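Spelled out, the chains give:
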Amino acid sequence: MKPAAFTYHRAHGVPDAVGLLTDLTAAGEDPKLIAGGQSLMPMMTFRLARPSALVDLGPLRRVPSMTAISESGGTLSLGALVTHHAVETAALSPGFAVLARAMRWVGHLPIRSRGTVAGSLVHGDATAEWCLLALLLDAEVVAEGPAGRRTIPAGELFHGFYATAVDPDEVVVEVRFTRPAPHAALTEFARRHGDFAIVDAAVALDLDEDGRTSGGRVVLGGVAPAPVRVPEAEEVLAAGAPADDALAAAVADAAAGAIDPPDTDDGAGVSAAYRRRLTRTLVADACRQASGAAR
Amino acid sequence: MTDPHLLSLTVNGAEHEVVVEPRRTLADVLRHDLRLTGTHVGCEHGVCGACTVLLDDAPVRACLVFAVQAEGSEVRTVESLAGPDGGLSDLQQAFTDHHALQCGFCTPGFLLLAEGVLAEQPDASREEVREALSANLCRCTGYQTIVDAVCATARARQEAR
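For the protein sequence lines, the chains are A and B, in the order given. The first sequence: position 189 = 189 (the UniProt record's numbering), numbered continuously. The second sequence: position 149 = 149 (the UniProt record's numbering), numbered continuously.
Rather than coming from a laboratory, the hints here were simulated on the basis of the structure. Predicted model, so just to flag it, every value in this text is computed and none were measured. Hints should not be assumed to be uniformly reliable.
[To be verified] Chain A residues, not near chain B, derived (Cβ > 10 angstroms throughout):
no.	residue
1	L92
2	G148
3	A163
4	P242
[To be verified] If the Cβ cut is set under 8 angstroms, some of the chain B residues that face chain A in the computed set are:
no.	residue
5	T2
6	G46
7	G49
8	R61
9	A82
[Said to hold, decoys possible] Coverage of chain A stretches by chain B, computed from C-beta distances (three or more under 8 angstroms per stretch; other residues unrestricted):
no.	segment
10	3-13
11	33-43
12	53-67
13	256-262
We put the CB at the ideal spot given by N, CA and C, even for glycine.
Isolated chain A, as found in the complex:
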């Protein structure tokens, strides 16, 4: 289908974008930001989204900080218009290389060429790879609104069902990843490669010199309305054990036992039990991949 009609406004700076959002809202409009548009446009063509006005961040690609990828002091900073494909092809240090490796799961190349990291986070799909990676690597989203800039930690970002802590009059300017994880992996299952995952799992292992875990992260998508960390599984990592198949199985069991996935059988077998089984398999796979990563 064709999207419903809307008025179109180009933002020529972040304050300009914030001003447009504020002014359009005050005029009774229902404005929405568009950057890559790879989530918003399908929703508009299905008319699941019918914003009366779009504010285009596209011209801000000319602002170097908006497309910059930089690392310093254990923090990776991505400008708000950095695309998935830019991350996929970036020379990242081992602590953040999991981000580049995970990009193959994000849609397909033409989607990754255009879609943005920040856009994916603000869209807040519970299975979006970037939402899991944000929780895995302690991301912070820097958003600018009428009252100035604020920093939102990933742990407070996702409210579930596509709702996030970024307000409608705020513009994300930067995403920072503050927890390097050289031993980390993301994996997922979808019926067709490139589709939204039914379940996806990301694991980061904190390993000591002997290859034993001293902590880590276990993050899941597709098992709750928002992406979640699984404390019960992270406790297994914190207890300390060699990063081997037995540990992978123990972490996977803990994760599968802890979750309460939606029982929305779609007639094709995607029940709560199915998601739990996928969780067990994917967490174990992610653990094994993480222990092998960056060695």
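Since the structure of chain A is provided, determine the placement of chain B on it from the hints.
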């Protein structure tokens, strides 16, 4: 609320100015306003890849770009591939040689996707080509012959260097 915008963009090396409604997709502007009907529209929501074009050298779904977002950009469509004499490009000839098309509806999208991939990865492995081409749908060929054609073109271009 049609809110018409004057849009300038370069398509296949030629500059164009068109007046468009903001909701007009790049695919529709190419087909309806510029009459470049080689770009095909399949699903209109970013799944099938039939409308793939190169936007500033990157393969994109033309149905997932509003034309107004392409202001000042360079677009390449399937019409740009043929030589000045109208003959097939090496990639198009490889599609013919390897039986990489049957009905041909998806072919323009595959051609532009492949050109985008080979421009960035001229030495792409067969596995990388398969992964990249998985972006687009074809209902006739079963894909193997498309992968064959793209890999053959990549090899030939590498050897010609």
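Hints violated by the structure (listed by number, smallest first): 9 and 13
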